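Chains A and B supply the protein sequences, listed in that same order.
Here our numbering is used: the first residue of the first sequence is 1, the next is one more, and so on.
Here our numbering is used: the first residue of the second sequence is 1001, the next is one more, and so on.
It should be emphasised that the hints constitute simulated quantities derived from the structure, not laboratory data.
Predicted model only: the values in this text are computed from it and were never measured.
There's no promise every hint is true.
Subject to a maximum C-alpha distance of 25 Å in a straight line, what follows is the list of computed BS3-like cross-link-like pairs (lysine-lysine) [stated by the list, open to error]:
1) A:K100 to B:K1062
2) B:K1078 to B:K1062
3) B:K1011 to B:K1062
4) A:K100 to A:K69
5) B:K1078 to A:K100
6) A:K58 to A:K100
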Amino acid sequence: AQSVTQLGSHVSVSEGALVLLRCNYSSSVPPYLFWYVQYPNQGLQLLLKYTTGATLVKGINGFEAEFKKSETSFHLTKPSAHMSDAAEYFCAVSDDSSYKLIFGSGTRLLVRP
Amino acid sequence: DARVTQTPRHKVTEMGQEVTMRCQPILGHNTVFWYRQTMMQGLELLAYFRNRAPLDDSGMPKDRFSAEMPDATLATLKIQPSEPRDSAVYFCASGFSQSNYGYTFGSGTRLTVV
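All chains should be modelled from the sequences, with the hints used to inform the complete structure.
Next up, the structure:
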């Protein structure tokens, strides 16, 4: 069965600082991995995805994530946080066996001025 | 931009009433998910469909919830009878069955059962 663990329900950074949001997954088949962002009172928006090929994937708004199979991780990073990055971020896993899309519990990013 | 449309956006109902939420997936998408989001439980997968066939609805309370896709342009989630604990935001998402395309979410239906 697939699962996703996001370490840290809240992460607080200063504006301009590095953003690092952690995600570890469990999957018995090759996974597809996603990061979504949710702003208040809105739906989820796809930030980036890993399918096959290059393990470092770039997404919107300057975010990127690296797939590390040996560590079963897919951490999300951004070199310099902006106030507008404050939102909740969800990591998710899927595959072409079950077609399920399973989410982690989410990490709320707070950006301090 | 193509979008997933959910109606209604907000619904307030009394306990015991029937509630129906609707989702129009993006044209051509063949996989549809229903999620429930609460502060306590986060995003829970309730049910999902591929080519209109239900693949898994094990996340739903079977005695009161039902999900259907009467045609490729409409997915419905019904609660009968509704209870206060059903208060949540319900999201629909659609995509292609090959998961590597990602999925597009609707704006959600905020349900309040009083």
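Now for the hints, and whether the structure bears them out:
1. A:K100 to B:K1062: holds (19 Å)
2. B:K1078 to B:K1062: At roughly 11 Å apart (the allowed maximum being 25 Å), B:K1062 and B:K1078 satisfy the hint.
3. B:K1011 to B:K1062: Roughly 21 Å separates the two Cα atoms, so the pair holds.
4. A:K100 to A:K69: holds (20 Å)
5. B:K1078 to A:K100: holds (21 Å)
6. A:K58 to A:K100: holds (23 Å)
Every hint, counting from the list given before, is met by this structure.
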